[in-house]
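Order-wise, the sequence lines are chains A and B.
Note that the working numbering has the first sequence beginning at 1, numbered continuously upward.
Note that the working numbering has the second sequence beginning at 1001, numbered continuously upward.
Take these hints with a grain of salt, some might be off.
[Unchecked claim] Straight-line Cα separation of at most 27 angstroms, DSS-like style, residue types lysine-lysine; simulated pairs:
#1 B:Lys1201 / A:Lys5
#2 A:Lys77 / A:Lys60
#3 A:Lys144 / B:Lys1005
#4 B:Lys1201 / A:Lys24
#5 A:Lys77 / B:Lys1025
#6 B:Lys1012 / A:Lys268
[Said to hold, decoys possible] Some chain A residues well away from chain B (every beta-carbon gap over 10 angstroms; in silico):
#7 Glu18
#8 Pro149
#9 Thr301
#10 Pro385
[To be verified] Footprint (simulated), chain A over chain B, 3 or more residues, beta carbon under 8 angstroms:
#11 1003 to 1015
#12 1089 to 1097
#13 1133 to 1140
#14 1152 to 1158
#15 1275 to 1288
#16 1334 to 1345
#17 1348 to 1356
Simulated from the structure, these hints should not be mistaken for laboratory data.
These numbers come from a predicted model, not from an experiment.
Cβ coordinates follow ideal geometry from the N, Cα and C atoms, glycine included.
Number of protein chains: 2
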Amino acid sequence: MYNQKMYALGSKRSTIREIFEYAKKRSAEIGAENVFDFSIGNPSVPAPDAVNESICRIVKETPSVALHGYTSAQGDKTVRDTIAQKFTQRFGVELSGEDLYMTCGAAASLTITFHALANEGDEFIVFAPYFPEYAVFVAGTGAKLTVLPSDEKTMLPDFAALERALNPHVKGVLINSPNNPSGVVYDGATIARFAEILERKSSEYGAPIYLISDEPYRELVYDKETVVPCVMKYYNNTIICYSYSKSLSMPGERVGYIAVNPQADDAKALYAAVCGAGRILGFVCAPALFQRVAAECDGMTADLSVYKRNRDLLYNGLTDCGFTCVYPDGAFYLFVKAAEEDAAAFCERAKKYELLLVNGADFGYKGWVRIAYCVQTERIEKALPLFKKLAEEYGL
Amino acid sequence: MYNQKMYALGSKRSTIREIFEYAKKRSAEIGAENVFDFSIGNPSVPAPDAVNESICRIVKETPSVALHGYTSAQGDKTVRDTIAQKFTQRFGVELSGEDLYMTCGAAASLTITFHALANEGDEFIVFAPYFPEYAVFVAGTGAKLTVLPSDEKTMLPDFAALERALNPHVKGVLINSPNNPSGVVYDGATIARFAEILERKSSEYGAPIYLISDEPYRELVYDKETVVPCVMKYYNNTIICYSYSKSLSMPGERVGYIAVNPQADDAKALYAAVCGAGRILGFVCAPALFQRVAAECDGMTADLSVYKRNRDLLYNGLTDCGFTCVYPDGAFYLFVKAAEEDAAAFCERAKKYELLLVNGADFGYKGWVRIAYCVQTERIEKALPLFKKLAEEYGL
């Protein structure tokens, strides 16, 4: 018969999907305006106008066969050169189009990277809380995913745990900053700490341990003082997995890239392995029109002020109610400590007030919940009194 | 280190890529107008105007968040319903949106299908000549690809060889009609023969053997009497892998679908396995805008009269010279018997006349060469006298 693992993956409804279905049912019962679905991490602000302008102009100006034809597997040369140049200008790291591989979005960036690196018996490390699809993507390579804790106060990685966990089978450490679901951004000192440990351990084992940086939320930071450091400045064996889904509010169009640090050991061969992995997985080229749109709009963002306003409202509102929250420097998620030990029970209690939250256990982190604030601001304003009642029920 | 198999896949230049590079070098030396590159299977006619009109209208009419947002993993519901309805109207086979899974093009359709089906130790069967990436895609699942011969006169499958090759490990038989590289179309009797054998063997082994039909060239047929039969009418355990790349001349935009026959054994679970495979490979959803464009333009085609004219010119011209050719009912390839035993030597000899052909050995078929006629008609007109000289050199 067909493959049972694939069947299990395809037939199990995700928690977020279940919440979505519940919200639909509940909306039919009491009206959508009375249901507060904070479960889905979908951009809620439009793409910058430049995206649609760019689409229509490119379509008008480019002959059809060139426009809609295959690009090379790694992406259109001009697109890659443009994005690399902008990257260099912005981060001060020398990158060329030859180091970039355009992908069908973040998930593709990750599966291709894992397949490019993993050998039989290999291991990848990630810190909880983490985006649960990582486990699916790593499983697809046959490698093992080891989940390490973060500090409950700061949600920063537990480096002592990292030191203990590293072993000669670890092929890479995956980080995601700004983080889904905690919203935390790793500063330069944190990245430097990774670099120091991974360099030392790579030398000890005589093989590189790659730092894989998943950066779909890179541009979504809200305070002047928050800087998302470029990992390539700190450590040579880095691979950046990027997507334009969140920065340009176009997750459905599936375009992103893998940047292989040209300073990585044997960088050209590593890049070739990325190309090979893309090929075997069935990624012929990233969508051609949107490659060009991404290159033109790289560096722009959707209107982030909406997310900032939402974050401030929600963070202040919930801490005022007495909830313990991680201050989210970026992304569009707030990570909140459940007001009782069992976060599932807390989510159920919240449901009574029509507040739909995601259990942190789905992100490998017990006792917390995620609130996605990529919603209309008005939804948050209306939800705050309900959070207040929930807090009161717990005597906060 | 990184994965060596991926490195090998990513660093080995394909024959077609080598020819492309040679053509570039040679064009610089003697002028592009004097080099006849028949190696690349890229649509050479523009997309129907409706494609660009559809893009611009959808962009104008749809609010950004809905337009560029994620669709469900299996594809936008309206898109799937529309395509299924058109499929039913055209082929007279009941299909619903729930049987369709939108993909990032043909390669994705295939890798997802193979991953959905394959278990450890499984085997797939294909008939030579065949598109060489099939071997890469099957290798990605860990399954084995068995290549069986086609009849040299008709390029139809050798059914006696199929009977001998089938065994309880065979999970599926892959067919591709209209065929790359032979251009042959399998008629209803041929599909019925597959159905009879696979049904009998499935019963014998107590497990379904799937018929996987790769149909990117489905609409590219040139004679009134040529009909591409719908495999679902003949056999229940079928999966159709489709792409809009060739029919709508938009290969770079990466959109296609998998259609799981609702009459297949345990069809809902099979469909779930497809969803699971898409997920583990990193396909979140097919590009959203182009899903909608595909649904609107499904049933249209680029101007196929150009390919028909090219086919007629080339087939008649080459047979008049004395070459043995397979009559191509469809696709945009002509398969020609090399005028000496060693097709590689024949390709080298053709190069002297600036004719760049692909060795059939790259498609698993020795002694033949492929000519891609998706080029400007004028190129064929100019090339015919050179083919004539080549024929004379061989005393044809």
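Verification of the supplied hints:
1. B:Lys1201 / A:Lys5: holds (25 angstroms)
2. A:Lys77 / A:Lys60: holds (21 angstroms)
3. A:Lys144 / B:Lys1005: holds (19 angstroms)
4. B:Lys1201 / A:Lys24: violated (46 angstroms)
5. A:Lys77 / B:Lys1025: With Cα atoms ~18 angstroms apart, A:Lys77 and B:Lys1025 stay inside 27 angstroms; holds.
6. B:Lys1012 / A:Lys268: Cα-Cα ~13 angstroms, so holds.
7. Glu18: Answer for A:Glu18: holds, closest chain B Cβ roughly 14 angstroms.
8. Pro149: Holds, because the least Cβ-Cβ distance between A:Pro149 and chain B comes to about 26 angstroms, which exceeds 10 angstroms.
9. Thr301: holds (14 angstroms)
10. Pro385: holds (26 angstroms)
11. 1003 to 1015: That given contact holds, which follows from 9 residues of the region 1003 to 1015 of chain B lying within Cβ reach (below 8 angstroms) of chain A.
12. 1089 to 1097: Answer violated; 0 residues pass the 8 angstroms Cβ test.
13. 1133 to 1140: holds (count 5)
14. 1152 to 1158: violated (count 0)
15. 1275 to 1288: holds (count 14)
16. 1334 to 1345: violated (count 0)
17. 1348 to 1356: violated (count 0)
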